[in-house]
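Please take these sequences and the hints and turn them into a complete structure.
Sequence lines, in order, name chains Z and C.
When we follow UniProt numbering, the leftmost residue of the first sequence carries the number 1, and every step to the right adds one.
When we follow UniProt numbering, the leftmost residue of the second sequence carries the number 1, and every step to the right adds one.
It is possible that some hints are incorrect.
[Stated by the list, open to error] Partner residues are not named here, just some residues of chain C that face chain Z (Cβ under 8 Å, in silico):
hint	residue
1	Asn55
2	Gln107
3	Val168
4	Pro236
5	Gly237
6	Thr239
7	Gly243
8	Glu244
[What the hints assert, rightly or not] List time: in silico DSS-like cross-link candidates among lysine-lysine, alpha-carbon distance up to 25 Å:
hint	chain 1	residue 1	chain 2	residue 2
9	Z	Lys161	C	Lys189
10	C	Lys189	Z	Lys184
11	C	Lys63	C	Lys181
12	Z	Lys174	C	Lys216
13	C	Lys245	Z	Lys174
Source of the hints: derived by calculation from the structure; they are not laboratory data.
The beta carbon of each residue, even a glycine, is placed where N, CA and C say it ideally should be.
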Amino acid sequence: SRDELVCGSSNVSLREFGCEQSLLSRPDGSASFVQGDTSVLAGVYGPAEVKVSKEIYDRATLEVLIQPKVGLPSVRERSQEQCVRETCEASLLLTLHPRSSLTLVLQVLHDDGSLLSCFLNAACMALMDAGLPMSCLFCGVTCAIDADGQIITDPTAAQEKESRALMTFAIDSKECRVMMSSTKGSFSVHELQQCIAVSQKASEKIFQFYRDSVKRRYSKTL
Amino acid sequence: MAAGFKTAEPLEYHRSFLKENCRPDGRELSEFRTTTLNIGSISTADGSALVKVGNTTVICGIKAELTNPTVEAPGKGYIVPNVDLPPLCSSRFRPGPPSEQAQAASQFVADVIESSEVIQTEDLCIERGKLCWVLYCDLMCLDYDGNLLDACTIALLAALKNTKLPEVTISTETPEVNLAKTRGLHIHKHPVSASFCVFDDSILIVDPTAEEESLKTAQLTVVTDEEDRLCTVHKPGGTSLSGEKLQECISRATARQREIQKLIDKVTRSVKTAQ
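If you want it as structure tokens, here you go:
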């Protein structure tokens with residue numbers, strides 16, 4: 001069940017997207033997400049038993065682990081884990097599974113820019129595949145502002161390097177509002193608003209891609 | 001009675017205050033706690049500052065060391081920030097390796113330094129490809145009562161402004177350090193952060209205490225400099241925020257930047273006149 005999307009028809013251009021769900025047998029939900037040459041594999045375990053020290057009495061404990069392509073996770077990965085975890089926590093209905101644990105593992109397969117947004121997209125597809133109850137979906141969009149002030153959505157690693165500001169947002173599917181924001185470089189308020197507007201537009205395309213790929217997957221199995 | 005209500009129903013307790021547009025500690029929703037600053041508190045460090053935002057206390061010490069520049073950036077020095085949350089500061093932190101919160105805070109401080117260009121790392125280079133300064137910025141929280149990131153950025157900025165580096169001359173291959181002759185760092189920008197908590201998905205409060213942080217549905221930190229440029233808009237997940245609310249936060253953050261820069265300038269001046 002592999003689906004692909006080529007965006008670029010209107011003014012917001014994204015690289016070629018690809019997604020495959022349920023590709024791993026052991027996790028309760030899994031997905032791989034590809035944005036151009038950036039590729040992430042996600043696996044979800046749970047709801048399962050939770051360690052007593054991490055138990056929360058009125059909701060499930062969500063743990064997010066990010067595995068880099070080489071080496072051990074560092075401080076940067078910790079910070080990304082926090083961003084992904086708190087975004088997932090806001091969309092998942094964790095109170096339906098009190099005193100249990102959910103584990104989301106994100107493995108980098110290849111990084112060619114917009115990695116944090118790819119993490120978010122892979123996470124959302126994997127949570128969906130695990131069948132966990134959610135209040136809304138979310139997607140990640142990265143925007144780079146280049147030296148001429150042009151906004152590039154879903155930049156490659158080379159475009160990220162040349163940019164003077166880089167922003168990643170998580171957008172929810174219900175009201176298209178900003179759930180998560182992580183930025184680098186300095187920018188004006190106007191540029192921030194422009195980037196949010198562009199990301200909201202891009203999110204519509206990504207949610208449509210989510211819908212198409214899930215629809216295609218179930219039309220094959222059913 | 002009130003104490004019992006607070007323990008049994010902390011969320012309802014806070015709601016009852018927020019309904020009246022005030023908070024349990026008597027503040028308004030957009031009011032910061034009293035911020036006090038002490039510069040040069042550690043005499044053995046090359047630069048230091050102690051900041052109190054309400055009860056939250058953060059001390060920053062800067063240690064400068066001579067080192068070789070990295071191969072990727074031969075013309076630059078570097079800055080290594082580290083945030084420590086010891087068990088001393090709150091019962092929520094356990095001894096052992098740094099917690100996720102401490103690591104995320106370290107990364108946040110590193111990102112603020114890089115994004116704001118508070119110091120141009122070229123300034124730290126002494127001889128290209130051979131010798132440069134590395135600044136170890138250690139931020140230690142002594143008392144944790146919420147809003148760690150704001151306290152950290154103020155402490156860091158004040159400590160950097162306080163840092164004095166000895167003059168280094170290179171003669172016949174060996175560097176000579178002249179401790180009698182020191183110079184301050186050139187601070188290019190003054191980034192100041194302002195943190196906000198979202199309560200019940202809609203109510204916005206500034207400068208949250210530890211208690212308010214534990215009940216929040218989302219948190220947002222905005223860092224601005226004196227030219228009103230945004231250096232960081234950090235929102236690690238949580239419930240979504242509308243554009244108007246975001247604009248409100250940015251305006252409050254710009255006002256906060258002015259207040260803090262004034263405070264730092266005032267304290268720096270008073271330290272100079274005392275000497």
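Checked hints:
Given hint, C/Asn55 at the interface with chain Z, is violated; its Cβ is 24 Å from that chain's nearest Cβ, farther than 8 Å. Because the smallest distance between the Cβ of C/Gln107 and any Cβ of chain Z comes to about 4 Å, under 8 Å, the interface hint for this residue holds. At a threshold of 8 Å, the smallest CB-CB gap from C/Val168 to chain Z is about 30 Å, leaving the interface hint violated. At a threshold of 8 Å, the smallest CB-CB gap from C/Pro236 to chain Z is about 5 Å, leaving the interface hint in force.
Residue-level restraint check for C/Gly237 holds (minimum Cβ-Cβ distance to chain Z is 3 Å; threshold 8 Å). Interface hint status for C/Thr239: upheld, as the beta-carbon distance to the closest one in chain Z is roughly 5 Å, under 8 Å. Annotation: C/Gly243 was flagged as interfacial toward chain Z, and the flag holds, the nearest CB pair being 7 Å apart, inside 8 Å. At its closest, the beta carbon of C/Glu244 sits 11 Å from a beta carbon of chain Z; the interface hint therefore is violated under the 8 Å criterion.
For the proposed pair Z/Lys161 and C/Lys189, the alpha carbon gap of about 22 Å is at most 25 Å, so the pair holds. For a cut-off of 25 Å, the pair hint linking C/Lys189 to Z/Lys184 stands: about 16 Å separates their Cα positions. The hinted pair formed by C/Lys63 and C/Lys181 meets the criterion: a straight-line CA distance of about 17 Å does not exceed 25 Å. Taken as a hint, the Z/Lys174 and C/Lys216 pair is honoured in the structure, with Cα atoms around 21 Å apart against an allowance of 25 Å.
Of the supplied pair hints, the one linking C/Lys245 and Z/Lys174 holds, its CA atoms being roughly 17 Å apart against a limit of 25 Å.
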